[in-house]
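With the hints as extra help, turn the sequences into a complete structure.
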Amino acid sequence: LYQVSCMSINNKLHLTFHPASPLVSEETNKKFADMFVALLTVVAGGKLPEDAFSSVKKKEPSSESALDNLIPKNSLVALAATYGVYGIASHFGAWVKFIGSVSEMYEG
34 LYQVSCMSIN NKLHLTFHPA SPLVSEETNK KFADMFVALL TVVAGGKLPE
84 DAFSSVKKKE PSSESALDNL IPKNSLVALA ATYGVYGIAS HFGAWVKFIG
134 SVSEMYEG
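Just so we're aligned, residue 34 is where the sequence shown starts under the working numbering, counting upward by one.
The set of hints was computed from the structure by calculation and includes no laboratory data. Beta carbons: idealized from backbone N, C-alpha and C, even for Gly. Mixed in with the good hints there might be a few duds.
Here are the in silico distance ranges between beta carbons for each label pair [as the list claims (entries may be wrong)]:
1) G126 / S54: 17 to 27 Å
2) F50 / V75: 15 to 25 Å
3) E59 / Y139: 29 to 39 Å
4) I42 / L112: 24 to 34 Å
5) S108 / V135: 31 to 41 Å
6) S38 / Y119: 24 to 34 Å
7) L72 / S134: 38 to 48 Å
8) S54 / E140: 31 to 41 Å
9) K106 / L46: 12 to 22 Å
10) V135 / Q36: 27 to 37 Å
11) T49 / V75: 37 to 47 Å
12) E140 / L56: 45 to 55 Å
Right under this line is the structure:
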């Protein structure tokens, strides 16, 4: 139900949420937006601000999460980048053919 647009300006990520209103309440939309930003912050290796979950009930966090020991810092970012490079590389031949076809079309 949620769509998110994003762009980077001056090395800052700007997000625009497109909520499923009026099907979903404003309160639920706010919770989603807060949790989504918190998720992106954690995946990027950043620290969450104290009020990151202001719209969501919090459990008291333990001093150390089990995931902290299993997943090295920024490994999800590296995995996503690797997958992106693989996706581009695996379609390289198709892109070469496409660009060649466009060039041929313009030439004649």
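Notebook entry, point to check: Holds or violated: 24 to 34 Å for the Cβ distance of S38 and Y119?
Noted result: For S38 and Y119 the Cβ distance comes to about 25 Å; the hint holds.
Item checked: Beta-carbon spacing of T49 to V75 - inside the hinted bounds 37 to 47 Å or not -> This hint is violated: roughly 21 Å between Cβ atoms.
Next item on the list: Evaluate the given range 27 to 37 Å for the C-beta pair formed by V135 and Q36.
Entry: holds (31 Å)
Next item on the list: Just tell me: holds or violated, for the beta carbon distance of E140 and L56 against 45 to 55 Å?
Entry: holds (51 Å)
Margin query: Taking 17 to 27 Å as the stated bounds, is the beta-carbon spacing between G126 and S54 within them?
Written below: Violated - the Cβ-Cβ distance for G126 and S54, about 44 Å, lies outside 17 to 27 Å.
Next item on the list: Just tell me: holds or violated, for the beta carbon distance of S108 and V135 against 31 to 41 Å?
Entry: holds (38 Å)
Note to self: Holds or violated: the 12 to 22 Å window for the beta-carbon distance between K106 and L46?
What the structure shows: holds (19 Å)
Check: So does L72 sit 38 to 48 Å from S134, Cβ to Cβ?
Finding: holds (40 Å)
Checklist line | Distance restraint hint 31 to 41 Å, applied to the beta-carbon atoms of S54 and E140 | finding: violated (50 Å)
Note to self: Can you tell me whether the CB distance of I42 to L112 sits inside 24 to 34 Å?
What the structure shows: holds (26 Å)
Notebook entry, point to check: Does the hinted range 29 to 39 Å hold for E59 and Y139 at CB?
Noted result: violated (51 Å)
Note to self: I want to verify a distance hint. Is the separation of the beta carbons of F50 and V75 within 15 to 25 Å?
What the structure shows: holds (18 Å)
In summary, the numbered hints that this structure violates are 1, 3, 8 and 11.
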